[in-house]
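Chains Z and G are the protein sequences, given in the same order. Quick note: the first sequence uses the numbering used here, first residue 12, plus one each step. Quick note: the second sequence uses the numbering used here, first residue 238, plus one each step.
If you're looking for bench data, these hints aren't it; they were derived computationally from the structure. The beta carbon of each residue, even a glycine, is placed where N, CA and C say it ideally should be. Warning: the hint list may mix true and false statements.
Chain Z stretches covered by chain G per the calculated footprint, using a threshold of three residues with CB under 8 Å from any CB of chain G [to be verified]:
| # | segment |
| --- | --- |
| 1 | 48-54 |
| 2 | 61-69 |
| 3 | 108-119 |
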Amino acid sequence: EADIYQTPRYLVIGTGKKITLECSQTMGHDKMYWYQQDPGMELHLIHYSYGVNSTEKGDLSSESTVSRIRTEHFPLTLESARPSHTSQYLCASRQGSNEQYFGPGTRLTVT
Amino acid sequence: KQEVTQIPAALSVPEGENLVLNCSFTDSAIYNLQWFRQDPGKGLTSLLLIQSSQREQTSGRLNASLDKSSGRSTLYIAASQPGDSATYLCAVSEMDTGRRALTFGSGTRLQVQP
Numbered sequence: 012e013a014d015i016y017q018t019p020r021y022l023v024i025g026t027g028k029k030i031t032l033e034c035s036q037t038m039g040h041d042k043m044y045w046y047q048q049d050p051g052m053e054l055h056l057i058h059y060s061y062g063v064n065s066t067e068k069g070d071l072s073s074e075s076t077v078s079r080i081r082t083e084h085f086p087l088t089l090e091s092a093r094p095s096h097t098s099q100y101l102c103a104s105r106q107g108s109n110e111q112y113f114g115p116g117t118r119l120t121v122t
Numbered sequence: 238k239q240e241v242t243q244i245p246a247a248l249s250v251p252e253g254e255n256l257v258l259n260c261s262f263t264d265s266a267i268y269n270l271q272w273f274r275q276d277p278g279k280g281l282t283s284l285l286l287i288q289s290s291q292r293e294q295t296s297g298r299l300n301a302s303l304d305k306s307s308g309r310s311t312l313y314i315a316a317s318q319p320g321d322s323a324t325y326l327c328a329v330s331e332m333d334t335g336r337r338a339l340t341f342g343s344g345t346r347l348q349v350q351p
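Use the sequences and the hints to build the structure in full.
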């Protein structure tokens, strides 16, 4: 069983607000990822990290930013939320090239 | 650019049936392949991981095969149960970069009728 946590699980927020989605893993994994999934659609990579102080943008363009100051923590921030950001955000981690584990996701709705 | 396709998109079967879910990918240069289960509104649960050098993996009633050269994988579910109802996702891990991110198919939505 993977130990990867995301908070909040659900968030409804107004346009223009700044939000941070939290992701933490207790497995000491080096690689961490953020994926975005619209309802009924595929997951797409928006950010990843090789390790502390290493972050890169993924394949799907996103206005969000990430940071990796500690191995276990990989938060995602939206400076000014818009309705187009409404989606499910899934955090994942893996050690090397092993199995990738996912958190429960954050369902974001921007009104 | 890697593309992953899953067929069928949806499947409804009576309880007890054996079933096969199909996954195909366009670039055979993969590091490994994972099958996941996703329940509505939830995250992903890893079911099976097959390394590129392997042909199959088994876990309980699940068996996944991989034919890397032809770009195909199948997930076999034996004696299906209503609790198996979920969306099943196939994902391949890229080989060429060190990031080992996953490229996902759009999933097969399975409904097992009691």
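So, going through the hints one by one against the coordinates:
no.	hint	in the structure
1	48-54	holds (count 3)
2	61-69	holds (count 3)
3	108-119	holds (count 10)
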